[in-house]
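There are 2 protein chains.
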Amino acid sequence: MKARVHITLKNGVLDPQGKAVEHALHGLGFGGVSGVRQGKFIELNLTSTDRVAAKKEVEDMCRALLANTVIENYAVEVVD
Amino acid sequence: MKARVHITLKNGVLDPQGKAVEHALHGLGFGGVSGVRQGKFIELNLTSTDRVAAKKEVEDMCRALLANTVIENYAVEVVD
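Here the protein sequences come in this chain order: W and C.
Under our numbering, the first sequence has 53 at position 53, and the numbering climbs by one with no breaks.
Each number in our numbering comes from the position in the second sequence (counting from 1) with 100 added on.
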């Protein structure tokens, strides 16, 4: 099974990296851009063949390592 | 309009960050994980109200700044 994980900063948490990207985009002439937020996207393969168990396992990984749950949200999607 | 951008390493490009995550997951007891690849996920708002123009603009941003097209792929999705 393949899983895709999105890790994004929670609302209200400052995103200096996103701000820097936004500033650079303005400098390049893309003036209509605002609210840039940068997160992480992780793809991984699992040996598990059960969809529900696979999702639970990846959510455990998010809490244990992939995401900092104090400031970040995670969303897990199991693909085939 | 809101846009979501996924930036991922091209196939064949080494991903030391993904490898490090994979190694750490094995160390935490998640033995069934393989092929971890880490990419970027960017969300942004646009003043443009035309879906097609918005997508084109974000693709231009990807080529100009967000992605290194030598080693990275990008995928743009325009949401409402």
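Do not rely on the hints blindly, as some may be mistaken.
[Unchecked claim] For lysine to any residue, the following SDA-like pairs were computed, each having C-alpha atoms within a straight-line distance of at most 25 Å: (1) W:LYS10 with C:LYS156; (2) C:LYS119 with W:GLU22; (3) W:LYS10 with W:SER34; (4) W:LYS2 with W:LYS40; (5) C:LYS110 with W:VAL78; (6) W:LYS40 with W:ALA54; (7) W:LYS2 with C:LYS156; (8) C:LYS119 with W:SER34; (9) C:LYS119 with W:TYR74; (10) C:LYS156 with C:LEU128; (11) W:LYS10 with C:LYS110; (12) W:LYS2 with W:ARG51.
No lab work stands behind these hints, which were simulated from the structure alone.
Hints, verified against the model:
no.	hint	result
1	W:LYS10 with C:LYS156	28 Å, violated
2	C:LYS119 with W:GLU22	29 Å, violated
3	W:LYS10 with W:SER34	17 Å, holds
4	W:LYS2 with W:LYS40	17 Å, holds
5	C:LYS110 with W:VAL78	21 Å, holds
6	W:LYS40 with W:ALA54	20 Å, holds
7	W:LYS2 with C:LYS156	30 Å, violated
8	C:LYS119 with W:SER34	33 Å, violated
9	C:LYS119 with W:TYR74	20 Å, holds
10	C:LYS156 with C:LEU128	42 Å, violated
11	W:LYS10 with C:LYS110	28 Å, violated
12	W:LYS2 with W:ARG51	10 Å, holds
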